[in-house]
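Protein sequences appear in the order of chains P and W.
Residue numbering for the first sequence follows our numbering, starting at 1 and increasing by one per position.
Residue numbering for the second sequence follows our numbering, starting at 1 and increasing by one per position.
Hint data in this document are derived by calculation from the structure and do not stem from the laboratory.
These figures come from a predicted structure and were not determined experimentally.
It is possible that some hints are incorrect.
Simulated coverage check for chain P against chain W, where a stretch passes if three residues somewhere in it have a Cβ under 8 Å from a Cβ of chain W [stated by the list, open to error]: (1) 12 to 19; (2) 41 to 53; (3) 65 to 73; (4) 119 to 127; (5) 157 to 169.
For lysine-lysine, the following DSS-like pairs were computed, each having C-alpha atoms within a straight-line distance of at most 25 Å [to be verified]: (6) P:K53 x W:K68; (7) W:K166 x P:K157; (8) P:K118 x P:K58.
Cβ atoms here follow ideal geometry from the backbone N, Cα and C, with glycine treated the same way.
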Amino acid sequence: MNKEQVKKLFLGGLGLIALLYVYFSFFLGPLNKSRDAVQAKIKDLQTKISTSKAEISKAAKLEESAHSATVRYDALRALSPEGAPIAWFPPRMKTFLSTHQIDKGTTRLETNSACKEKELADWSRYLWIIDLPQADFESLGNAIAQLENTNPLLSIKKLRIYAATDDPEMQKAVFTAATIIYKK
Amino acid sequence: MPLQLNLLHEEILQHRQRQRDPLKLSLYAAIALGALLMLNYLWTGYRVLQGKSRLNSIQAEWNKIEPKVTAAQKRADELNGIIGTTNALDGYIETRFYWATFLEKVAHCVTPNIQITSLEGVIEDDKGLVTATLDGVAGGREPRSVAEDFRQMLLEQVGKEQPTVKVEFKTLEDLDTTVAVGGSNETTAHFVVTVGMEPFPKAATPPPTEHKARPKKEES
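Use the sequences and the hints to build the structure in full.
Set out below in C-alpha cells:
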C-alpha cells in the first residue's frame with residue numbers, strides 16, 4: 001500500500017466512524033427511545049387495565065356482599081323523615097305517648113351535635129328531654145319498652161321517675177333520649 | 001516442458017491489483033454495512049410502528065375501561081361508606097341499654113311493704129356504666145330486713161342478665177313514722193339503693209345479638 005492509499009483508508013475509517021455515530025445517534029437512537037417509551041406506556045396501561053379489571057370485579061363482589069348492609073342502611077335512613085327534627089320529633093312523641101294513655105307530656109330539644117365517629121359524618125346526635133308530669137308506672141313502662149323496641153336509633157340516657165305529690169296513683173317522669181338522625 | 005510466454009502478465013497483474021484495491025474493498029464493506037444498518041433501521045422502525053399500533057389498541061381498551069373503573073371505584077367507596085356507617089349504627093344499636101327491662105325487674109322486686117318514691121338512672125357512655133338510684137320506704141316489723149330483702153331480690157333479678165351488677169345501700173335509716181300494712185301498723189325505714197352495672201364492658205364487647213325490651217307487667 002502506498003501513502004496515498006493509507007491516507008484514503010484513514011479517511012475512510014474516519015468516515016465510517018462518523019457514519020456509525022450519525023446512525024446510532026440520530027437515526028437508531030430516537031427510534032429506540034420512541035420504542036422504549038411506547039413499551040413503557042403499554043406496560044403502564046396493561047398494569048392499569050389489569051388492576052382496573054380486578055377493581056371492577058371487586059366492586060361487583062362488594063355490591064353483592066353489601067346488599068344486606070345497603071338495605072339496612074336505607075331502612076335506618078328512612079327512620080329520619082324530611083325536615084328539621086325539631087319540627088317532627090316532638091309531635092311524633094306526643095302522638096306516641098298518647099297511644100299509651102300518657103296525654104300530658106312535653107318534648108324539648110336539649111342539644112344537637114354532629115356525631116364524633118367519622119363513619120357517621122352524615123348523621124347528627126340529638127338529645128331530647130321528655131317531661132311527663134303525670135304518668136301511670138305501667139303505662140310508662142310499656143311506652144318506654146315500645147319506644148326502645150321501635151326506635152333502634154333512640155337510646156334513653158337519663159331517666160327519673162318519682163312520685164307525684166298531688167296524686168299518689170301517678171308518677172312524674174323525665175327522661176333524656178338521644179337519637180341519631182340522618183342529615184337530609 | 002514447453003516455454004510459455006505470458007504477454008499479458010502486466011495487464012493481469014494490474015487487473016489483480018485493481019481487484020485487491022483496499023479502497024475499493026472497503027467501499028464494498030461500507031456499502032454492505034450501510035445496507036445492514038438500513039435493514040436494522042427499517043426493522044426497528046417496523047417494530048416501533050407495531051408497538052404504536054398495539055399501544056393504540058390498548059389505549060382504546062383503556063378508554064373503554066376507564067369510565068367503568070372510575071364508576072366502580074366511586075361505587076366501592078360509597079358501599080364501603082355505607083358498610084362503615086351501618087356497622088357504626090349497628091354498634092350504637094347493639095350497645096343500647098334497655099330501661100324497660102330494668103324497670104320490669106324493679107317492679108318484680110317491689111313487694112306490698114316497699115314503696116319506691118324515686119328512681120333515677122343514668123348511662124355514662126364514656127365509662128360504659130349504668131347507674132340507678134332507688135329511693136324508697138320499707139315497712140314491717142323489721143323494716144331494715146325488708147329493705148335488705150328488696151336489695152337482695154333486686155340483685156338477683158338484675159344479676160340474671162347483668163352479671164356485673166352491684167346493688168348497694170347508700171342509706172338505710174329508721175323512720176319515726178308508722179304505716180298501715182295489711183291492717184296493722186308497721187315501723188318504717190328509709191333506704192336509698194344504688195344499682196351499678198357495666199352492661200357493655202369496654203375491653204370485651206359482646207357480639208351483636210337480638211335484644212328486645214319487654215313491656216312491663218307490674219306496677220310499683
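To see whether the hints hold, each was checked on the structure:
Coverage of a stretch by a chain is defined here by at least three residues with a beta carbon nearer than 8 Å to that chain's beta carbons; for the region 12 to 19 of chain P and chain W the count is 4, and the condition holds. Look at the region 41 to 53 of chain P against chain W: 8 of its residues bring a Cβ nearer than 8 Å to a Cβ of that chain, three or more, so the hint holds. Residues of the region 65 to 73 of chain P with a Cβ under 8 Å from some Cβ of chain W number 5, which satisfies the need for three, so the listed coverage holds. For the region 119 to 127 of chain P, the assignment as covered by chain W holds, since 4 residues bring a beta-carbon within under 8 Å of that chain's beta-carbons and 3 suffice.
Chain W is given as covering the region 157 to 169 of chain P, and this holds because 7 residues of the stretch bring a CB closer than 8 Å to a CB of that chain, at least three being needed. With a C-alpha separation of about 9 Å, the suggested pairing of K53 (chain P) with K68 (chain W) holds against the 25 Å cut-off. Distance restraint check for K166 (chain W) and K157 (chain P): the Cα-Cα separation of roughly 19 Å lies within the 25 Å cut-off, and the hinted pair is therefore satisfied. Of the pairs offered as hints, the one joining K118 (chain P) and K58 (chain P) holds, with about 24 Å between alpha carbons and a cut-off of 25 Å not exceeded.
Every hint, counting from the list given before, is met by this structure.
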